[in-house]
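K.L.:
My request is simple: use the sequences and hints to build the entire structure.
Okay, here's what each chain looks like letter by letter:
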Amino acid sequence: MSKQQEYEQIERYLDKQMSVEERARFEARLAQEEALRQEVQLQRELAEVLAGEEVHELRTRIKEVDEVWKASSGRPSKPSRSIFSIRSIIGIAALLAIGIFTYTFLQPGTKDASELYAQHYEPYQLLLEDRSTSPGQPNAQDLQQAIRAYQQANYPEAARLFAALQQQAPDNPTYAFYAALCALSTGQSQQAIDELSRLQSGDHLLVEQSRWYLALAHLQAENVTAAKAVLSQIENGQYKYQQAQRLLKEWE
Amino acid sequence: MNTISAQSQEDQDLLRGLLNADSRKIRTMYDLALPSVIDWVKNNQGTEADARDVFQEALLALYRRMKQKDFALSCSLKSYIRIICRNLWLSRLRKQQRVELKAPEDWATVQLDAAMVHQTERSEREQLFLERFDALGENCQKILRWFFDKVPMATIAERLNTSESYIKKRKFICKEKLIKSIREDGRFRELQ
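Protein sequences, first through last, are from chains A and B. Heads up: the first sequence begins at 10 in our numbering, then just goes up one per residue. Heads up: the second sequence begins at 234 in our numbering, then just goes up one per residue.
There could be a bad hint or two in this list.
[As the list claims (entries may be wrong)] With a cut-off of at most 25 Å between alpha-carbon atoms, the simulated DSS-like pairs for lysine-lysine come out as follows:
| # | chain 1 | residue 1 | chain 2 | residue 2 |
| --- | --- | --- | --- | --- |
| 1 | B | K410 | B | K375 |
| 2 | A | K258 | B | K383 |
| 3 | A | K12 | B | K410 |
| 4 | B | K383 | A | K25 |
| 5 | A | K25 | B | K401 |
| 6 | A | K12 | B | K383 |
| 7 | B | K375 | A | K258 |
| 8 | A | K237 | B | K375 |
| 9 | B | K401 | B | K383 |
| 10 | B | K375 | B | K402 |
| 11 | B | K410 | A | K79 |
| 12 | A | K72 | B | K402 |
| 13 | A | K79 | B | K401 |
| 14 | B | K302 | A | K25 |
| 15 | B | K300 | A | K25 |
| 16 | B | K413 | A | K12 |
| 17 | B | K375 | A | K72 |
| 18 | B | K401 | A | K12 |
| 19 | A | K249 | B | K375 |
| 20 | A | K72 | B | K275 |
| 21 | A | K72 | B | K300 |
| 22 | B | K275 | A | K12 |
| 23 | B | K258 | A | K25 |
| 24 | A | K249 | B | K275 |
| 25 | B | K413 | B | K375 |
| 26 | B | K275 | A | K79 |
| 27 | B | K402 | A | K12 |
| 28 | B | K258 | B | K328 |
I should point out that these hints are in silico values taken from the structure, not numbers from a laboratory.
P.N.:
What follows is the structure, encoded as structure tokens:
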């Protein structure tokens, strides 16, 4: 029996896919062969540890937070009241009102792209606030101002400030990401699409988030085909994959 | 769905946030407990990086524990996380035979339930598996994640725009590579 066949046999055993006879034969071997017992045990554990997309998503989130925490030298984040600033609340309330109106008065199942955008868009949680803001850095003050504007939902001002930061640090994907979100929040769909498209590759922490917001930017631009194409690239376990799958199902 | 309870609403929200992989809640947990874990690990033959490793492991162990069955937190979340970290670090030191620990008294009063103790004990082996998994190439990770999630081979082949027979072969190669790298890791034998 080849190694591959042996693996497949173990998988069938663990998945309870063996016939009664095959199982009995396999268990007889297990009783006699220590190496096989160890192999089965290891493969069982691997299946337990690696199954479940939620675990992979949680690990990704923890790693992101850890990176940000490390970059901020462990300074506690400020209370997140700004995420729920008055302007944000008004904005969210407006979106909710639009959502309730459309749900109540328009037929469900015939949602157009902009409705879906309104239904799924929410500002990205700002993990940036402590990052790269040590007093010695030349852009620390600019970054603080950009963060403040973003947190106060003053997106035009935040867009201007993040664009300036981008000029100072063109290779920093975080500034580009927030600049794109500001563009999205102010209805500059094409600008957001351009920025977010550039963030789809590369080794940075915001690739998955950029993909989700790129899909939303296409929805905002009412380009459902492009939104679908991007959403279908969001794999299990990645940022907002469950919402992506729900959206794709709505179009099926 | 399992019941999750805590002594304060704040802790309950944080536990729910961990279950939902909510970055903001995870960040709050970092702010809440990590600084004291770092201080303690540094006082006990470790570094800040060790403390952050152990902290990540503790959050994952806590998540696994909450997914297993009902979970009731009988002390503050901060104390609970710290004691998980303490146990994890103690276990590492034991393996390196460096076990003189200086634990603050208030840490010692917290008790973990049997399921949490079991989860903590498994945790190191789990971390090893995950680390070796992370070291695989992107395609291998995708194929194995989907395979362990019982996604049909035909669907995986479709997602990766290739044939089912190729995916079966790749799955075997990736799994064999993973198992080999786990067995070759020096920690594997210690964790038997």
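K.L.:
Does each hint hold? Answer for all of them.
P.N.:
Status of the hints after comparison with the structure:
The suggested pairing of K410 (chain B) with K375 (chain B) holds, with an alpha-carbon distance near 14 Å, which does not exceed 25 Å. About 20 Å separates the Cα atoms of K258 (chain A) and K383 (chain B), which keeps this hinted pair within 25 Å; it holds. Taken as a hint, the K12 (chain A) and K410 (chain B) pair is honoured in the structure, with Cα atoms around 12 Å apart against an allowance of 25 Å. Between K383 (chain B) and K25 (chain A) the alpha-carbon distance is near 13 Å, which keeps this suggested pair within the 25 Å criterion.
The suggested pairing of K25 (chain A) with K401 (chain B) holds, with an alpha-carbon distance near 19 Å, which does not exceed 25 Å. Only pairs whose Cα atoms come within 25 Å are accepted, and K12 (chain A) paired with K383 (chain B) is accepted, the gap being roughly 21 Å. With a CA separation close to 22 Å, the supplied pair K375 (chain B) and K258 (chain A) stays within the 25 Å bound. Between K237 (chain A) and K375 (chain B), the direct Cα distance comes to roughly 21 Å. Compliance with the 25 Å bound is thereby established for this hinted pair.
For the suggested pair K401 (chain B) and K383 (chain B), the alpha carbons sit about 13 Å apart, so the restraint of at most 25 Å is met. A C-alpha spacing of about 14 Å is found between K375 (chain B) and K402 (chain B), which places the hinted pair at or below 25 Å, so the restraint holds. The suggested pairing of K410 (chain B) with K79 (chain A) is violated, with an alpha-carbon distance near 32 Å, which exceeds 25 Å. Distance hint between K72 (chain A) and K402 (chain B) is unfulfilled; the C-alpha atoms sit about 31 Å from each other, more than 25 Å.
A C-alpha spacing of about 40 Å is found between K79 (chain A) and K401 (chain B), which places the hinted pair above 25 Å, so the restraint is violated. Simply put, K302 (chain B) and K25 (chain A) have alpha-carbon atoms about 24 Å apart, close enough for the 25 Å limit, and the pair holds. With a CA separation close to 23 Å, the supplied pair K300 (chain B) and K25 (chain A) stays within the 25 Å bound. Restraint check for K413 (chain B) and K12 (chain A): satisfied, since their Cα atoms lie roughly 13 Å apart, inside the 25 Å limit.
With a C-alpha separation of about 18 Å, the suggested pairing of K375 (chain B) with K72 (chain A) holds against the 25 Å cut-off. Between K401 (chain B) and K12 (chain A), the direct Cα distance comes to roughly 13 Å. Compliance with the 25 Å bound is thereby established for this hinted pair. Proximity of K249 (chain A) to K375 (chain B) is assessed by CA-CA distance (about 17 Å); at most 25 Å being required, the pair is judged to hold. For the given pair, K72 (chain A) sits about 21 Å from K275 (chain B) by alpha-carbon distance, which is consistent with the 25 Å threshold.
The straight-line distance between the Cα atoms of K72 (chain A) and K300 (chain B) is roughly 20 Å, inside the 25 Å bound, and the hint therefore holds. The suggested pairing of K275 (chain B) with K12 (chain A) is violated, with an alpha-carbon distance near 46 Å, which exceeds 25 Å. With a C-alpha separation of about 39 Å, the suggested pairing of K258 (chain B) with K25 (chain A) is violated against the 25 Å cut-off. Distance hint between K249 (chain A) and K275 (chain B) is unfulfilled; the C-alpha atoms sit about 37 Å from each other, more than 25 Å.
Between K413 (chain B) and K375 (chain B), the direct Cα distance comes to roughly 18 Å. Compliance with the 25 Å bound is thereby established for this hinted pair. For the given pair, K275 (chain B) sits about 16 Å from K79 (chain A) by alpha-carbon distance, which is consistent with the 25 Å threshold. Restraint check for K402 (chain B) and K12 (chain A): the C-alpha separation of about 11 Å stays at or below 25 Å, so the hint holds. Proximity of K258 (chain B) to K328 (chain B) is assessed by CA-CA distance (about 33 Å); at most 25 Å being required, the pair is judged violated.
Hint compliance for this structure: hints 11, 12, 13, 22, 23, 24, 28 are not met, and every other hint is.
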